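Start from chain P and add chain U according to the hints.
Read off the chains here:
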Amino acid sequence: MSEAQKDTQDQAEFRSQCQEWLEKNHPGRPDVKIPQGALELSDPKALGWLQKWQKSAYDAGLIGCDYPVEVGGGGKTDCQAIANQEMQRAKTPYLPNIIGMGMAAPTIFFHARDDVKAELLPGLLSGEEIWCQGFSEPGAGSDLANQQTFAERDGDNWVINGHKVWTSLAHFASWMILLCRTDKADKYNGLSYFVVPIKSALGNGVTVRPLIKMTGETGFNEVLFENLVVPDRYRLDEVGAGWKVAMTTLSHERGAGPLVTPSSGGMTVEQGEGVSTGSVASLIELAKRQQRDGKPAADDAVIRDELMKLAIRQEAMRQNSRRAAVPALVDHPARIPLQGKLVATEFNQDLSELSYQIEGAASSLGVTDPQAAAGGQWQLAYMNSFGVTIAAGANEVQRNILGERVLGMPKSK
Amino acid sequence: MAETLKNFGFGEDETMLRDSAAKFFADHCSADKIHALVAADHHIDRENQCHWDQSLWQQIVELGWTAVCVPEAAGGIGMPVVAAVALAEQVGKAAFPSPLLATFNATLVLNACSSDAATKALIDIAAGKATTLAVTNQQGSWNSSDTDVQVSDGKLTGTAYFVQEARKCDQLVVSAKTTEGVGLYLVDTAATGVEVVPDAIIDLTRDQAHVAFSGVTAIELARPGTGNKAIDTALPAILSILSADMVGAGEWLLQTTVEYAKTRIQFDRPLGFFQAVKHPLVNVMLDIDRAKSLAYSAACAVDTGDEEAEKLARMAKSQAGDMAVFSASRAVQFHGGIGFTWECFVHLFFKRQMHSQVLFGDARYHRSRLADLMIGKAA
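Here the protein sequences line up with chains P and U, keeping their order. Sequential numbering from 1 applies to the first sequence in our numbering. Sequential numbering from 1001 applies to the second sequence in our numbering.
Note that these hints are calculated values from the structure, not bench results. Bear in mind the structure is a predicted one, so any value in this text is a computation, not a measurement. Careful: at least some of the hints might be erroneous.
[What the hints assert, rightly or not] Covered, in the sense of this in silico footprint (three residues per stretch, anywhere, with C-beta under 8 Å from a C-beta of chain U), are these stretches of chain P:
id, segment
1, 293 to 301
2, 305 to 313
3, 336 to 343
4, 393 to 401
Even for Gly, the Cβ is constructed at its ideal location relative to N, Cα and C.
This is chain P alone, in the form it adopts within the complex (with noise of 0.2 Å):
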C-alpha cells in the first residue's frame, strides 16, 4: 500500500496541495556550492540560497504545518510527515535551520511562555532566523550533566558566563538553546534552559568563534558568554528543570519525540567530479573504475566481501526503520528508534574508511589534487565521519543508554 492510501481525507487534501505547488515552485539548481549537509554550511551565498528556499516553502505552508496558527504554523495535524515525504519526492534542497527546526522549536513549542513561542516560532520555522544549540562544553561533552555555564540571577534578568563549544551553525545562528547551570550544588536539578540571542549580542556578551575541523574546515565554533544579559521571560520551564527541558531536545534529536521535524531533502549535490558518497552503490562505482594490480577493484574477492556487508547493513537499516512501524514486530518500541543514530553514523564512517582501500595510493590525495579519485570526498567524508559518531552523545553513550533503557542493564555510572 503506498503511502498515499493511508491518507486521511484532510491529509489526502494536504499531499495534492503540496505535490501542485512542488511541481511549480522547485528552485531549481543553486548558482552557489552547496555543501553536503547543513551542519557544513560556511558559504552566506548558499546559506542565502537556502533560506530562500526555506522561507518559500514556509509561506506554502509546507514547513510547521503541525504547528498552531497563533504560533506561525499551520494548524494542521500529522501533516509534516506528508510534506516531508513530498518535498523528498520532489528532490528539493534540503532546508537550513535543522537544528531550529529539530531540536529548538519543538522545545520550545513544550517549555516555553506562549508570547515567547509567538515571537519565535514564525521566525525559526521560516528559516528567516537561524538557531543553534548551546549544550557542549569543554568539560561536558558526553556527560552532558556537567555544565559549568552558569547564569546568575539578577532581578527580572539573567547574566550568563560561560564557554560553549562544538557549536554548529553558530556563526550565522541569530539564536541559541542553551542548558547551563543555575544552581552549583546540585548536577542534575541545578540545570536551566534558556534560549538567548547569539547575533545581536555579538560583542556585548556573546563571542562567536570558529573552530576548526580536522578536515581544515570550519563549520562550528565556540561561543563564550561574558556577563550576557538574558530577560527571564527566555528562560523555559522552571529554574532547576533544565534537564527534564534537554530531554525533550534529545527525543526530537533523536526522532523519537511527538512532533514531526520539517525535513526536505533528495536533490543530489553535485562535488567535485559529480559522484556522490553516501551509499554502497556510488563505493560500487568508485570500485569499478579504481585499479587494484591492474585489475578494477570490485573484481577483488576481499573487497567484494567488504562491499557486500556494508551493502547488508545498509539494507538493514531500511528495513528497521520499516519494521519499527509495526507494533507486532518489536519487542520494545524504542528498540529500532534508540539504534537510529549508533547505526546510521557506523554506517557512514566504515563506508568511507572502505574507500582509502579502494583508492589504494589515491585515497592519499586531498581535495585540491587533480590526481585524486572522485575529487577526494571520500576521504573527506571519512574524517566527517567521526563528527557525528561523536556529537549528539557519542557512540559509546549511546551503547551505555541501549543497554540500560532497552535491555535493563544496571547504569554504568
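Chain U only, in chain P's frame:
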C-alpha cells in the same frame, strides 16, 4: 512492479499464529525441559540418538502448523511465508527439536513443482506427514544441480547427505540426476532400499543423516531438468525461515545472557555494569535486529513476488550467520566458567546456531552470491 507491504504482510492472523506458538513453547518447551530431553547423556562418545517429543509433534500437527505453507487447494492453510517466518522465530527461540522447519522447506519446494504427485505430497503434509529435503551431496554443495543420487527407470541409486531431521520424517523429497538434468522424487523414509544412516552431529536439538538409496522406486515430483529450478525458486523462502530460526535462538541467547549479567556479581557489581560486557551485548542486539528485519522483508518480498526476494534472502542469511556465531560466542563467554559447562543450557543454543550458520550456505557464501548480483561477476 511488485507491491511493497508496509507491515511485511504481518497481519492479525499472523500475529495470532505467532502468539499462540510463543505460548505453546513457553508452556511445553522451557530450556530445562529441552535440556532434559536431548542432553541427558553428556558423554562425547554417546550413542547417536534422536530425541524428540512425539506427543508435542502430534499437538503441532493438530494445531495445523504443518499446513501453514500448504496451499488451500491442497488442503492447507495457504498462509504467506511471513507466517512461517514468525513460527520459525519461535521454534528457534525454544530450540525446539522437531521436523517442522524441514517440512516447511520441503513444502516450499513442492509448491514450486507443478505436478499432481507434488500436490498429493502436499496434501499428506497438510495431514501431518513430516517431510524433508534430501538434496545435498557429499561435499555439502548448496548448488541445486549437485547431487550424488541418480535415477533411472524411476529407481533411485546413490546417497543424499546432510539430510535434516531424517529420522523424524515420514517422507523425503530427493534430487536426482538423469542425462536430462536434475529431477525431484518422493520416497517414503521407511521404503525398501532406503537406509537412513544417522550423522553424529554436534547440535543436540536436531538430527541429521545421510540417506542411501539402492534401487528405490520413487514418485516423480519434478521432471528431469526442472528439479533444480524448483529448489532455486524455493530458496529465498527457505533462507528466510532458517534466518528467522537463528533470530529466535539469538534472542534467547541475548535475553538469557542479559539476565545473567544483571544478577551475577563480580567486583561488587553486576556484570552488566561493566561496558566490556554491556556494549558487546548491545552489538548482539543490533545484529539480531538487522537479521530479523531482513528475514521478514525477504519473506514479504517472496509473498509479493518482488524481484528483490533473492537479494534480501541472501542478505538475511548472511547477516543471520554472522549474528548466530556472535550471539553464541558472547553468551558462552559472558556466562564465564558456568557457560563452559554441559549443565548450562547455553550450549544447546550455541550448537544450534553453529549448525544453522552453515545450513544452506554460510555468511561469506551468500555475500559472494550477493556480490555477483549487485556488482556483477568478477572477470
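Here is what the structure says about each hint:
1. 293 to 301: holds (count 6)
2. 305 to 313: holds (count 7)
3. 336 to 343: holds (count 4)
4. 393 to 401: Per the Cβ count (3), the hint holds.
Consistency note: the structure conflicts with none of the earlier hints.
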